[in-house]
Amino acid sequence: MDGFAAILTQVQDFSVSLSPSESLSVFTPRREFWAGVRATLPLIVGAAPFGFIFGALAINSGLSLPAAAGFSAIVFAGSAQFIASGLVASGVSVGFIVMTTLIVNLRHALYGATLARHTAHLPQRWLLPLAFWLTDETFVVVASRYAKTDDSPYKHWYFLGSALLMYVNWQICTWIGIGVGQSIPAPGAWGLDFALVVTFIGMLVPFVRNRATLAAVLVAGATALLFNNLPNKLGLMVASLAGISAGLLVNGLWPEAKTGHSRQNPSVSPSQTDRLP
Amino acid sequence: MNETLLILGMAAVTFGARYLPMAVLRRFDLPGPILRGLSFVPPAVLMAIVAPAMFLPGGNTIDLSLENAYLWAGLLAFGVAWRWKNLLLTIVAGMSVFLFWRVMV
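Order-wise, the sequence lines are chains A and B. Throughout the first sequence, residue numbering follows my numbering, covering 1 to 277 in sequence. Throughout the second sequence, residue numbering follows my numbering, covering 1001 to 1105 in sequence.
What the hints contain is simulated information worked out from the structure, not anything from laboratory work. Watch out, some of these pointers could steer you wrong.
With beta-carbon atoms standing in for the labels, derived distance ranges [as the list claims (entries may be wrong)]:
id	chain 1	residue 1	chain 2	residue 2	range
1	A	R117	B	M1001	32 to 42 Å
2	A	G252	B	N1060	10 to 20 Å
3	B	V1092	A	N229	44 to 54 Å
Selected chain B positions facing chain A (in silico; Cβ < 8 Å) [to be verified]:
id	residue
4	M1010
5	A1053
6	D1063
7	L1064
8	L1066
9	L1071
10	W1072
11	W1082
12	T1090
13	I1091
14	V1103
From the structure, some residues in chain A lie toward chain B, with a derived Cβ separation under 10 Å [as the list claims (entries may be wrong)]:
id	residue
15	V98
16	M99
17	T100
18	A109
19	A147
20	G179
21	V180
22	S183
23	T223
24	N251
25	L253
On a predicted model such as this, the values are computed, not experimentally measured, just so you know. For every residue, glycine included, the Cβ atom is placed at its ideal position computed from N, Cα and C.
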């Protein structure tokens, strides 16, 4: 599927962007670490504003200050944090928000599955923190490192460099957003609540690359409107499942033509614009 | 709302989704149908959140009026996102039009 092809394209882009001095001809943990940091720097530019917006949104959705900071420090999942703070504002149950978080973060399972064969040799003291820090951005950057044929024994240090930069950036941006958000009395009047909607629009559009995904999106949207009155935002669940079913149905009826470099498994692609952790 | 419970619950499922495949699947791939289903999750969930926010900003009735800034700025954001595939540009353009719409319309 073209989702996987998109990952491959980005992987190639990252490879090209490495200068000769970064070719890691002599592998050391320190060099791998800083190469991971450097490869992730451009993605920081995209991720930073959403940290600000999250901090401001979280405060205005009724979360306490420690909870807003705790979301970023302990959960560390940008899009799920956005959705959860929106759900907090609408007053649904904790269980529902946790379930929604699981559904939204299922794509990370695909990333983990993709990286599993490369991280199989790592001890738990590495595997646990690296898994905690696995984001869309770090996945793309690290997958490109693992895809290189050199036999560096320190590629997990590259992973660590990318992950730490994303994490530190996300914390700082969240705190700034919390600070700014507290001084904005009515976010609705400023359109901060619309920031959530428009961020999701920007995130979802790049996924629509074939008619199956288009069907999933259209059916999910229409079903969400139909079932908006269900209690506990259950309509979101119903609509998501309806959209997934529609996507699978269309995918089964009209399979996409397979190109030379696509694989059988249509992974979710971390699109260029899906830059939330 | 128990915030501690919320954060711990969200952290547990998020970490589980990231860690379990890395820990369990070492040399195996997930079966194709599951991968295919998962690939539709992000756009479907996002649209299920976006559509009511755009069309039902007041709650229960579909609002297609010119006063509904959520709808028209949202539609513009879809156009910008589709044309330029740039998240920052989409957010800045969408927010600008939204604020402008609220003031002018």
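Out of the numbered hints, which ones does the structure contradict? 2, 3, 6, 7, 8, 9, 10, 14, 19, 20, 21, 22 and 25
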